[in-house]
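S.K.: Turn these sequences into a full structure, and let the hints steer you where they fit.
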Amino acid sequence: MLNTILPILIFTALALAVIGALRRIRLWRQGRPAPVNLFKGLAALPRRYLVDLHHVVARDKMISNTHVATAGGFVAAAVLMILVHGLGIASPLLGGLLLLASASMFVGSLFVARRRINPPARLSKGPWMRLPKSLMAFSVSVFLITLPTVGLLPEGLLEGSTSWFLVVVLVGLVAWGLGEMFFGMTWGGPMKHAFAGALHLAFHRRPERFSTKKGGGGRSTGLKALNLEDETAPLGVEKPADFTWNQLLGFDACVQCGRCEAACPALAAGQPLNPKKLIQDMVVGMAGGSDANYAGTPYPGKPVGEHHGTPHGPIVAPAALPEGASLVDAETLWSCTTCRACVEECPMMIEHVDAIVDMRRHLTLERGKTPNKGAEVLDNLIATDNLGGFDPGSRLNWAADLNLPRMADLQQVDVLLWLGDGSFDMRNQRTLRALVKVLRAAEVDFAVLGDEERDSGDVARRLGDEATFQSLAKRNIATLSKYRFQQIVTCDPHSFHVLGNEYGELGGVYEVRHHSTFIAELYDAGRLTFSPWKGGSVTYHDPCYLGRYNGEFEAPRNVLKALGIELKEMERSGSRSRCCGGGGGAPITDIPGKQRIPDMRMNDVKESGAELVAVGCPQCTAMLEGVVDTSAEVRDIAELVADALVERPAGEASGASRQPAATPTAEEVIV
Amino acid sequence: MPHNVNTLNDAELSVAVLVSVGRHPLTGRARRADHDARAVEMALSLGDASVQLMHAGDGGEACGDAMRGYLGMGISRVKRINQDPDADVVPALANILRFAAPQLVLTGTRAETGEGSGLVPYLLAETLGWTVVSGLAEIESIEQGVATVLQALPRGKRRRLKVRLPAIATVDSSAPAARQSAFGPARRGELADCACASVTDELQTQWRVQPARKRPKRLKIVKSASARDRFKAAAAKADSGGGQLLNDVTPEQGAEAIFTLLKEEGVLR
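Respectively, the protein sequence lines represent chains A and B. The opening position of the first sequence corresponds to residue 1 in the UniProt record's numbering, with each subsequent residue numbered one higher. The opening position of the second sequence corresponds to residue 1 in the UniProt record's numbering, with each subsequent residue numbered one higher.
Wrong hints could be hidden among the right ones.
[What the hints assert, rightly or not] Result set (DSBU-like, lysine-lysine): computed pairs, CA atoms no more than 30 Å apart in a straight line:
id, chain 1, residue 1, chain 2, residue 2
1, B, Lys79, B, Lys157
2, B, Lys223, A, Lys369
3, A, Lys534, A, Lys437
4, A, Lys373, B, Lys157
5, A, Lys373, A, Lys534
6, A, Lys61, A, Lys437
[Claimed, not checked] Far from chain B, some chain A residues (derived; all Cβ distances over 12 Å):
id, residue
7, Ala69
8, Leu99
9, Leu402
10, Val444
11, Ala467
Don't read these hints as lab results, they were simulated from the structure. Note that the coordinates shown come from a computational prediction; the quantities given were computed from them, not determined experimentally. For glycine and all other residues, C-beta sits at the position ideal for the given N, C-alpha and C.
M.R.: Spelled out as structure tokens, the structure:
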């Protein structure tokens, strides 16, 4: 009897799964076209899954082992089940393998179940709570129906007239298992993450993120440029269908593990943002409906069930409609600091920040609704090329006594020192002066653009004003193309990121170094000597745009080590560093929360017991120093280095290498 | 902030806003002029009024940039009356306004470029025979051809006026700030050029133009000794203690009073 029911069940479930898959694909195809090499992506899928995704999952060993056992067991069991029970190839070898696979899956599902006994707050509940039971139903039932195949159970046991009860129970279990695992996978159950996730990995919008056999697996963090030449292309994302199809696919891949929300500084500060909920809202918008079925942490202060959307309806309610009449409120999008902690944590490699900036672009470029000081700052950038609306001719006023060499006079140097908009900020001017002192001590052949420099466009771009960003970027690129230099050094990680990772798409390719990297190189080359550290204990705060965006975790630590400092690391440091709250224009849009992000970060510093926090970013310095009543001092790495500089013996200094080509011009100017 | 302006007129209220090319005070880059942009904002906040933007000028590159600034506020087109660079724009504007016949004309108090005398609204009102109101802070309502407006006076004072339409009203920095100018609508918006005979401004051709100097500020002499008095003096705006309010006087008497004051202040010698 089972031999007739099982193939029917299996192939019905498979057929339904195929129908569901086609429906799901149709949902994704509502999005705009994106250039993806489908074949290459599919070919790269196994590696992306087994290597890159697994690396992220494996940050939690228990879960990665659980997932290997469960998912590996399931995939093997599903294939073998179709062969053995669907097609009736009852070989004992296949049967044995199937027993093994289902047993492995069962063991895995026990751990899944254990995790669900007292689940951490970041996990979604709802349908996810039944998943371990479904996994068990599938694995146990498959195990049991396979026992007769390998002859471990007398054939007659399930054939007799008395055993109909057993058969009904078994068939019921099989149906439940197949329903969750095959049918639910494409019709929107928790197992959807496997189907959408696999395709998402294959057709990811940033294939550079993944490793290949030759190595690699680089960071791909620069935002993608909008094509402003094409007047018919939408400026950013207004409605879910304005995302590219592979972005929609990416949203659908979310497994609601909540690692993003655990890392999100805005959520922790009580601002109305939760990256996980945002992605789920995009899924709701793509399929149409309300967010009432969401079973995880809501946006702080925003009850679940009040928002709804459609694929072709606006994501953020236009001014004519009241807030909450749409999918997401604008302040949710403006709470993000673009710190990328969520993207870094996401085991599905979903690109939250890209999506947020896409939606911000619409709000700024089409609706002119950049909140709070946003409009003023953008106007300043347009009119004066700097955030504060200062006279562009006063960019170098802080260095009036320093006699900084100008690119316009030298034309060619080794190092172009990019000052950034921090040159208008009195606090950052101290850092810049320290950096100049260090460069001079190491006899670096450098020059600045001076008044020719403009804001890099970082804030404009992250506030969604792609037009102003591209205008600034193109003019900066034109300026830089006039001069010859080997590398750009800057003490601003935001400029560093934009110059290094985002100007390339617009035609400006440069070798850019953060000052900490450059100082570390100078030290290694023996061009700097430091007096021993006499201060107290020190911790280091990783700037998001240096660390997570550009992978530079080591150089600042090496510099501090060279200074003789033994770091007291904070609990959240390196790639898991907590944002200072200063990125993405967040201090400008200033969405209120229950507490401030920099306060939380200074609390981290306090918990580490350090008396001084070393930073490497003007934004971080401003944000952290703005915290009142702290026990720790905030100093830039350049300042610490400048304070520790020791004059080298005279003979050594004169023999130091200077670029002979540039020397005569340099002296002409300085004298 | 949408105002609740009751328009009980049978016909839709039509508002024309005269806009000029602005200039950033630090960099001199062309932009929407601040006061004119506030005038556009005020027109847009009038609920369902039909708003028409007009500009008369030489239509150079700076003009295009500045007009895009206004279009970005969500305006679909700016009517651009092309004039010679040395033309007087008042006759052209008067012509076009007479033809378009809006009920209300809004504009900034003075332009940021060109002559910047702030006289255009007065000259237009004189030519057209319309009422002119200066320093509008808010339009409260427009009913049956009469607008109730709040006029801004120094030190945050407001005066409620009833103005019979058609009228020309100027807007300065006491009006609500202009909304953000967005790239998308600015790019889509249309600059509708139309020609109109230029009347050369003969007077202006004889002028010599030079950058303005900063005007000297009157020093505040604080005689008091106590902190409270010094604080009051610091918080108070420089105000003229010896002012004179003239009510119901003939124009000659008024002119005489102004003439005397200018002499006293040393403006006229």
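S.K.: For every hint, state whether the structure bears it out.
M.R.: Taking the hints in turn, this is what the structure says about them:
1. For the given pair, B/Lys79 sits about 35 Å from B/Lys157 by alpha-carbon distance, which is inconsistent with the 30 Å threshold.
2. Between B/Lys223 and A/Lys369, the direct Cα distance comes to roughly 49 Å. Violation of the 30 Å bound is thereby established for this hinted pair.
3. Of the pairs offered as hints, the one joining A/Lys534 and A/Lys437 holds, with about 20 Å between alpha carbons and a cut-off of 30 Å not exceeded.
4. Among the hinted pairs, A/Lys373 with B/Lys157 is consistent with the structure: their alpha-carbon atoms are about 27 Å apart, no more than 30 Å.
5. Among the hinted pairs, A/Lys373 with A/Lys534 is inconsistent with the structure: their alpha-carbon atoms are about 42 Å apart, more than 30 Å.
6. For a cut-off of 30 Å, the pair hint linking A/Lys61 to A/Lys437 is broken: about 47 Å separates their Cα positions.
7. With a closest Cβ-Cβ approach of about 51 Å to chain B, A/Ala69 is found to remain outside the 12 Å limit, as its non-interface label requires.
8. Annotated as non-interface, A/Leu99 keeps its C-beta farther than 12 Å from every C-beta of chain B; the closest such distance is 62 Å.
9. Once the 12 Å rule is applied to beta carbons, A/Leu402 is consistent with being away from chain B; the minimum gap is 24 Å.
10. Interface exclusion of A/Val444 from chain B stands, the closest Cβ pair being 32 Å apart, more than 12 Å.
11. The Cβ of A/Ala467 sits about 4 Å from the closest Cβ of chain B, inside the 12 Å cut-off, so the non-interface label is violated.
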